[in-house]
Each structure stands twice: as structure tokens, then as C-alpha cells.
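J.: The lines below spell out each chain.
6 protein chains.
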Amino acid sequence: MNQQRKTALVISAHSADFVWRSGGAIALYAKRGWDIHIVCLSFGERGESAKLWRQPGMDMATVKQAREQEARQAAEILGAGNIRFLDVGDYPMRVNDAVLFELAALYREIRPEFVLSHSLKDPYNFDHPLATHIAQEARIIAQAHGHQPDTPVFLFEPHQPEQCEWKPQVLLDISDVWEIKRQAFESMSAQEHLWEYYTRVALQRGVQASRNSNLKIKYAEGYQRIFPQVANELA
Amino acid sequence: MNQQRKTALVISAHSADFVWRSGGAIALYAKRGWDIHIVCLSFGERGESAKLWRQPGMDMATVKQAREQEARQAAEILGAGNIRFLDVGDYPMRVNDAVLFELAALYREIRPEFVLSHSLKDPYNFDHPLATHIAQEARIIAQAHGHQPDTPVFLFEPHQPEQCEWKPQVLLDISDVWEIKRQAFESMSAQEHLWEYYTRVALQRGVQASRNSNLKIKYAEGYQRIFPQVANELA
Amino acid sequence: MNQQRKTALVISAHSADFVWRSGGAIALYAKRGWDIHIVCLSFGERGESAKLWRQPGMDMATVKQAREQEARQAAEILGAGNIRFLDVGDYPMRVNDAVLFELAALYREIRPEFVLSHSLKDPYNFDHPLATHIAQEARIIAQAHGHQPDTPVFLFEPHQPEQCEWKPQVLLDISDVWEIKRQAFESMSAQEHLWEYYTRVALQRGVQASRNSNLKIKYAEGYQRIFPQVANELA
Amino acid sequence: MNQQRKTALVISAHSADFVWRSGGAIALYAKRGWDIHIVCLSFGERGESAKLWRQPGMDMATVKQAREQEARQAAEILGAGNIRFLDVGDYPMRVNDAVLFELAALYREIRPEFVLSHSLKDPYNFDHPLATHIAQEARIIAQAHGHQPDTPVFLFEPHQPEQCEWKPQVLLDISDVWEIKRQAFESMSAQEHLWEYYTRVALQRGVQASRNSNLKIKYAEGYQRIFPQVANELA
Amino acid sequence: MNQQRKTALVISAHSADFVWRSGGAIALYAKRGWDIHIVCLSFGERGESAKLWRQPGMDMATVKQAREQEARQAAEILGAGNIRFLDVGDYPMRVNDAVLFELAALYREIRPEFVLSHSLKDPYNFDHPLATHIAQEARIIAQAHGHQPDTPVFLFEPHQPEQCEWKPQVLLDISDVWEIKRQAFESMSAQEHLWEYYTRVALQRGVQASRNSNLKIKYAEGYQRIFPQVANELA
Amino acid sequence: MNQQRKTALVISAHSADFVWRSGGAIALYAKRGWDIHIVCLSFGERGESAKLWRQPGMDMATVKQAREQEARQAAEILGAGNIRFLDVGDYPMRVNDAVLFELAALYREIRPEFVLSHSLKDPYNFDHPLATHIAQEARIIAQAHGHQPDTPVFLFEPHQPEQCEWKPQVLLDISDVWEIKRQAFESMSAQEHLWEYYTRVALQRGVQASRNSNLKIKYAEGYQRIFPQVANELA
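Chains as they are written, first to last, in UniProt numbering: chain A, 1 to 235; chain B, 1 to 235; chain C, 1 to 235; chain D, 1 to 235; chain E, 1 to 235; chain F, 1 to 235.
Hints listed in this document are in silico derivations from the structure and should not be mistaken for laboratory results.
Hints may be right or wrong, so weigh each one.
Remember, identical chains collapse to one label, so a pair may be satisfied in a single copy or spanning two.
[As the list claims (entries may be wrong)] Derived pair list, reagent style EDC-like, types lysine to aspartate or glutamate, alpha-carbon separation capped at 16 Å:
id, residue 1, residue 2
1, Lys216, Glu186
2, Lys216, Asp150
3, Lys218, Glu186
4, Lys6, Glu233
5, Lys6, Glu113
6, Lys6, Glu179
7, Lys31, Glu233
8, Lys31, Glu196
9, Lys216, Asp176
10, Lys6, Glu165
11, Lys121, Glu162
12, Lys218, Asp35
13, Lys121, Glu186
Owing to the predicted nature of the structure, the values given are computational and were not obtained by experimental measurement.
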């Protein structure tokens, strides 16, 4: 049955990145009946779980479990049927070739229509560009030998876009699914301080989307492309 | 009736640029029933008519007339119903505010869905980036005061793309209209040496379009965007 | 008396730009006893007064007057003692050498400690980079002939920073004067739709300022430098 | 005897890259009596041998052997006396320090006048920039400790130059050896679909070489420099 | 006692880099009573000790010892109380995670006010950008898990700045400590040929610092920032 | 007789720029028997004659005369047979089309083998990039209509190269003519403070030229190219 639905792939460095950065795209395509696959390379257990670590007697296994549970809940809210955790560690993230080949195999299996991952640079967080590098390398390997998914890659917005040399090339209207994204946010109790931050990001990109079109768009997500768009329209 | 058809606007520095660089897009949209407006800022009478000037007794009026005739014929072949010549001069091109306001008025009148013009830089030809500057400035003026066409601008491929810091962000499949574009080429008898050059450009971009998709595309045109794409799809 | 207070100069393309983009810096330095000079090259009468033009029977003189009054009120709220309007027109802005020399004379007269103006590029608005070009050219002329103010130039944040190739190099803490800036906003009744937009900009830059320091900063303004900072500290 | 002839070094990620991308330079210098050394880091056995893999019962050893044979034949046609295969694997390529030191030793042994390798970036193929990285790192190591070859490095043209941020800084006239390069092409039967593509690349660069000089040049290869040219002429 | 003094951290690829590139900053802050920590990842034993290796019978241990002794002497002259040598090797430098964690621990222990390291790129020397990468990655790891030093990073000037895409954003006046820096230079007897080179660098940056301010500055060091400056002043 | 000697063209914004920035190239080619044409767009009478203006009773005509005399003397020392002064004014420089056509005519008359002018950007001095713009535009006009000099353009080093986004792509060995350049410097008595500055520039570029080659080069000048080099060698 999976083979008959269109698929997309989201490669997230830490267990929450996919929510803040691409929750709108995920919810939008899930609503359209697509089968969305999310890969969390790590749980963000060291770098993005400070609130949990402040609890007395906390240990690594409990942190990972808590982050996994939050992420699964968020994925469910967004309508993504598949989420897996590769547990490669964070801060620093290190990805060996076995993981790379596992991702390449996933590309070949699900043949995604598009892939979402992080910006190419991030001076605040080296796990993010590594995740994108791996996402790209796995895509290239999956293409070798005659297999050619030719999946376009879209890079979601980093926390401080100008410092990451990231530029929005697509502004995706997520107004229809905003409430779902916000609800998924709120399952991220470890990072409550980011709720308002990413709500404002969506509002700003919404204003910009309206300015760059004739549409009234309240909430948007920005994406950068790696490859040229192949089209039969100029729009 | 014009008001009911969709429109596009092509702003060409010299009378032949629109053919080599965007003849495919013009033919494609003309075929779809759009009303395509072409503005030639000059005839290319000094910089791009060497073959004519080599004829004995040639004078400026005759050169302009010959170039206009060729361009009209090419526009007709491509299916563009409107072509006008602003005769601002070339090498060097100089555009005064009256011309600028005329263009702004044209934007407001036809409300184009998209605009095509030259690359932002060109160390070989200063008329080209000036044409784009004017195309952009007229668009901005047309938007002021509550008018908001918000027309996306696409930059067509210059002769030496890397030297012009131009990068293809959209590869437009023009295979279906290639024969029309080639026929329009051939009405440019003043610049016959470019026929094979631009045929090869279309073939190379076609191979690249195929590589960046799962499609078989024989001929393509490359375009760079100035503004982010506003979309409800990631494709 | 003026000579004894330190001065700063703000060069604003339209009558409201200085409020949205540098109101915090102005209020901060005014509070410190500096004498802030604001130059509005135009009233934004054509490009940024849509709300006024929608009133029946509106004419150019009335629009200009209304925008001037708003801007004077905002300057007063911010504590800027000097505001002048050069009325060079907008959309398109055109600046002749007489205006340039007037600005150069102002540099020599007030010898500002720093200058604030727009980003170097802006594909949405050609008046903005022109204002900065003029601000820089007047500074250069003021230096010629042995006069050397050597004023550093800071570029304030444009509406869509990534599209303008603008990058925040200084995050200025404006939390202490935020209420003043917000009050100055609200005197801009012609552009009420921007109030929330620029409040969110200040909040986002505040979060980023906190992330890039050990400080708790609620509201910030971002600035890009043109020249290297000369310092006896690394901070 | 080798010591008395001038040498050049070509470092090719896969066994065919040197033909498409630098076959002209190789043939040109071989014809001038130079001793050209080609290093193929891999056979391109996984990523660039799709046609072979489509044959029934194909296995890895046979693919490698076939690609090696083709490459040896091409090198011979081009006049390159030395070709070696380091068999480090492709898609993904991984290069350990032993290979790096082997290359550094080669630099010290042959003291090449110039080195040719891939572009610094390539979002379609991570083996290519790795090959260049290794070519550069080996060069740096070979220089340490008082050895100083100071070999200039030239980067040959990637498949999609603009996407790879590659820019032609030298256009090398290869017209005299074009037939040899074309013949070497044709020994690459595994990649016949590329013959016409790279013939057109050579023709386009030839037109551009003519435009950037007073010469009639039919076929050219483009190269980007990493280091400044040291010269006693401006040409 | 250390805890009560402010600290700074210098991460130097080879044992002498910190002297040429940041000796002025070190001396300046040491004079102000700060506790400066210098980390030399290697001794520069292979790549930057040619003069030593020309001595008959030289061996690796003796080279390392000589370079360490010089570096300790230079640190002492500059007033840096702490220098350590991690001996990871040079040309090529390879840094494992144990070294990375050791550096992260150092960040947490000394909580530096700023960090100095190399440029982000250097086509002449791959050890330099690796040192900066490690300096940044250790900083990021040190911040994870609730620890937040948020140390700003400044990149010192490479040998050929334009080729390394390095740009001076801060010009630090080191005139008061120039004689100390020069004296530290002169303890680098293995690289005497660089004394005059780096004296001229300091003089050129001094002239530029004067041009970019109203100050008379004779000697300066240039630094590039990685992160935006957080400030309550525009200066 | 002129027609039989090779020519080069130097387009200098102010009367002294050609000495500091390209005196070595001029002397080198003059020594080889070339006919060097220097065009000074202005005398630098306002922006670069502070020392003269400090003399009591100084007036504009006297300043211009003094600067012209110095420049003629420098040109003579360098061996440049032709120097002309277009007197278009400086700070700000403004160039009308008559001047542009005069320059285009000069291109057609002398058919230079190469052209030297300023960097493309300079935030400290807007006359410099204007001079280059004019040099390029005149070259383009001269080519129109079948005339095709195709002259390569080299950009000489600005005062603060990194701030001007200028990058040395050619390091020209000027050691043999250094004494001549230095002597020409010393005829620039109005700008004595620059003598040592530009001597150090030549020494630094000399060290870099040595590092990028196997040659011993004491003094060099750096140049950036606008167009790709067309060559039959890779050197």
C-alpha cells in the first residue's frame, strides 16, 4: 500500500528539529495523503535537553526516552506515519558509513518525492550541517548504479538564518495547517522557550509570502533549494 | 479581450535578445493562449548588427529598420502578439525617466503574471544589466501607491553565464516548442553565427533538466529568480 | 552648545524608515544626551502612503504634509532634536549633486560619531540603496580636502534581510527604550500594518542577542558595518 | 630519463573523469613531450558504470576491469605514459592517510609543473570535491619539511558548472588536439551518452575563448585556478 | 585565584602561529591582568621547521623540543601564563574526539571571554582551518547540556588573506605592546624570514586602523568575527 | 611609428593612482619598448591634495597645475610616453558621455594589448570604481559595430583590498623596475606619507609571489582579472 502513496523524507539532526523547522510542510503533505518518513539522527539528548537535565537524578537513558516520546507524539500530531531514531549521538554528532548506507537504502525503498534537511552551514551547531551532508551523500549513493531517484532537496530555516548563509527561495503557505504545527510544538515541553520564537518566524515568513505574491498568507515556512527546479511553468 | 487573457512581459535590451534567451518561454506561453508583450529597448543597431554594417552604403535608419523587421518576424513566429521598440539607443544604452514611467504604465495596464529580462551583471555588455535594472525599477514604481502587481521576475541566460554570476534556478522544458524557437532564430539573419551556439545551449540545459528530474527533456531554457517563490507545493 | 554634545546622523529614504529600522538606536542615544540628526530624503509620498491615498480627494501636498507631521512626531517621541526633509521625491528617488553637497556640508557641520542608513541592496525598493549610496558619497566628499570625520556607517535592517544580502554584525540592546520606540511606531498611523511586524523583528533579534552573549536581552536592533571596527578591545 | 622531461599530474576521482574534463590538456602537453601522470582514485565502478551493470551476471571485478581497460586505452590515445588506479572505492569515496602519503610521495618524485583536479564543490557528486581535497592536501604535505614543489592547481569543468560554483579563469585552446580527445572519448563505451555532451562543452568554451581574445579558437577547455598566477607578463 | 581573573583562549595549529598572528592581543590582555591560555595543537614539527631539519643528524624529538622551547619562551615574553602542547601532529593534522573533549573541558574550566584561532579557509595549509573547526566544535560541545559560555570567536590574519577569504572586521590597536610582540617574534629563530613580513603586516594594519578612525595607530592586528557583536553601543 | 609598437592603456581616477598602483607594470612594459598611454580622469585636486591646500593662499588652478606636473614627471620616470588629463573633477567624479566616447575613440586608435584600472568596489572612494566602470564601458563601445579589440582588463590593488572585495589573481614580478617605481613615487611630494606604505605593499606581494612559485621575487604588484585568460599554456 505504501508503494502507492507518494512519500517524502525528513532528515532531522535532533529529535525536535523537524517540528520547529518543517512541521508545516509535514502536516500539509500528510493532509494530502502522503506518507511522510522522518529520520532523527539523534535524540538531541546532550545539546537540546537542558530542561530535562536540570531534574534531579536524571540519566541519559531517561533523557533519550523522554525526547523520543515527545518526538513520536509530535510526528503523530503532524500526521507523519513513520519516524525512526538512529541514535548516532549529538554534540558532537558522528555518522559512520553503516548509517549512511541505511539511509541510502531508505531512499531506494521509499523513493521520496522530496527531502527536507538542515542548512548547509551553521556556526552555532555542527550537527545540523552534518545531517544535511549525510542526507545529500545518501541521496547520491542511492542514485549510483542506475538507481535514479533524483529527489530534490529543500533546506529548512535555521535559528539564525543570516549567520548560516541560508536564504529563503521557496515560501510555503502553511496557514491551513498552522494549528496542527502549533499543537505539535506544544508537545515539545523540553523546549517551551522556543514556542513563541517559532510562531513569530512563521508569521514573519507569512508577511513576506504575501509581499511576494498576490495572496493573503498568514503563516509560512521558508526553504532553500540545492538543485535547480525543473518545471514547465514560470511561477 | 486582452484583459481576460493572462499576460507576460519580456524586456529585451536589443531587438534579438528575447529570441535567443527566452524564445522557448514565449512560444510555450503563447501556445497556452497567453498574451505575450515584448519590449525592445533598442534595436541593437550599433552593437549587434555588424553583418549589416559591412554592407556598402549602410546607414543607421536602414539598420534599425532591418533589425525591427527581423524582430517582428521572430515575435510573430513565437506567437507574441505585442512587440514595441523604445529606440533608446545602444552601446551605450541610456534610459530616461520618461521611458521608465512608460514601462511602469505598461505594468499597470497589462498586469503581467511574470517578467523576463537579463542577468544582473554582464562584464561584456552594460546594456543588459541596465535593461534588467529598468525592468525592476518600473515594476517597483508600478507597485507604489497601492497598485501591487507583485510580478515575479525571471532572468534569462547570458552569453557567458559564469562571468555574469548568473545561476540557473529554473530549468524550463521547451522541447515541445523547440522547432518554433529554432525557426524564430533563423529569422535573425544578422546573427547567423549564433544559431548553433544557442542550439547547443538549449541541448545542454536539456541534459541538465533531465539530470535534475525523472523526466526526459531534450531542450530547456535556464532562468534565475530575483524573489523567493511563493508556493503551496515543494516541487 | 550643539558643538559640545556628541552627534549622530540618520539618513532615511522615506519619512518613516528611521522609526521602524533605527528607532531604538535613536532613543538610546538621545537618552544619553546625544544630539541626533535625522534626514528624510523623501516623505514616502508615493510608495508608502497607500492608506492616505485611499481617502477621497487626497492630493500630493496633503499626503506630504501628513507624512511630515507623523515623522516629526515620531522624532520628538524618540528624542531626536533635528529632523529635516529634503523632498527629493520617491518611487523613483533621484538625488542631484546639490542635495549631495548639502549632506556633505551637514557632515562637516555636525561631525557625527556614527551614521545610520539602509542596506546596500534591496530588490524590493531601489530608493533604499540609493539613500545609502548618497549617505556614503556625502561622507566621502566631506572627508576630502583634509576634513576627516571618518564616521563609521551602520546599515539598519531591511524588510526582507536575506533577499537584500544584509547580515547583522551588531545586535544593539534596545530593551531600555523599547516602549519609546513602540510609541513612536504608533504615531505612524499610515502604516499600522507594520506595527506588529517590527515588534516581532525586535523580539527575534532580542532572542538572538541573548544567544550570542551571556545577557538577557528582550529587544534588539541589528546593524551591518561597512568599515572594520577600530578598537582596543575584543568584545 | 623521466627526470629530464617536464611532468604534469592529473588526479581523477573516477576512471573516466580525466578524459571528459582534461583530455585536451593532457593531449596538448603529451604532444609537447611532457610526461603526464594520471591517478584514478577509483574505477567509477559503482557510480558511473550503469551500462555495464545492466549486462546479465555482471560482477564488481569485471566492472572494474572493464573500466580500467577503457581508461588505459584513453590514456594511451591521449599520450599519457603513466596511469595508476588506487582503487579506493566510489559512491562514497573514502581516502585514508596511506593513500594521501602515497600521493604526496608521487608529488615529490615527479615534481609536476601543474596539477589538474575537480571543482571545489559538487552537490551531485561528493567524490569529486574529495578528490580535489586530497590532491591539495597531498600537495601541501609534499611541500612540508623544506620540499617545495609549489605546483599550481587547475580545476577542470564539472558537469553543471554554476551549481558547483566553478568559474572558468583559463580557457585553454585545445583545437589542435581535439581529434585525439574525441577519439579518447570514444573508448569510453560505458558512457556513450556523454560524447555529444562534452563535444558541445568544448565547442561552447571555444566560442567563448574566441570572444575573450582576438584568436579563432574552435575547441577549448575551461579551468579555474586555486592560487594566484605568478607572471612577468599581463596577458 | 585563576577563577577571579578574566581569561582568554588561543588555539594555534602550530607552535608559532599564536605569536605572528595574535601576539599583540595576547600581550595587550596579559598586561591588563588577564590569564591567557594558549593551546598549540602541534609543534609545527614537519611543516614549519625547515631550518631545524637542515641541521645534520636532526630527529623528530629534537625538532619538537626545540619548537616547544621557542614557543614557551614566546608565551612568557607575551605574558601568557598557560601554554600547552597537544602534539596531534602536523601536515597533515588529525584531531580525534579525545582531544576535542579535552578542549571542551578546558572551555568549561576557564570560561574564556574570547577565543582566537585561524581563518575558516586556507588553501596553503589545511591544518589552520582544522584548528578553527576544532576550536568551534569544542566551544559548541562545551555549551551543550546547559553550560553556556557563549564565547565570541575571533579569527586572526592568515598569511595570504585574500586567498583565504579572510576579511578584517576588527582592527586592534597593539601599538602599546608592539615591542613585546617583536621581542616574542625574535625568539622564533626557526622562522627568522618571517620577522620582517609580520612587522610589515602590523604596520599596514596600523595605517588602515588610523584611516578607519580618528586615532593615530602605528601597529594593529586584524581579526574577523564569526558571530554578531552584542553591544549597547554603536562604535 | 606608434602603430608598430605594442600599446597598453592605464585609466587612473586621480593623477597619482597610476604610480602607486601600477607603476611597476608601466615601467616593465615601457622598458620592453611598449607605448604606454595613461589617462588621468581628474587631478585628485580635491580629494588627494590636502598637503597643497594647507599652503596659504592656495587656489584650485594652482593645485591642479602642481598635481599635473607631478604626474607628468612620474610618467616620464616610468617611461610612459603619453599622459593626458581629462579634468572631469573629483570627490565626486562625474563622467559624461562625451568623455566616454573620447575614451572609446582612444581604444580604437591605440588598440591596447591590455588595460589597467581600479577595483570594482571601494567603500572609501567612489571615484575609483567609477573610473573602472568607464574604462569597461568605453571598451565595450569600442568593440561595437565590428571593431573588436577584446582587450583584457586588469584591476590594480586598492588601498584596503579586503574591504574592496579585490583579490590578487596575477602577481607581477616588478623587481627589475622597482627602483624606477620608487623614484616615480618620490615625485609625488603631495603624498609623501604613502611612500613607505606602498613600498611595503610591493614587498608583501613579492613574498607572496615567491611562495606561489619557485622563483625569488622581491617586489610584486597584484592584479585581478575581469575576463578569463585565453591561453595555450597552463602556467
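J.: If you test the structure against every hint from before, which numbers come out violated?
T.: 1, 3, 6, 8, 10, 12 and 13
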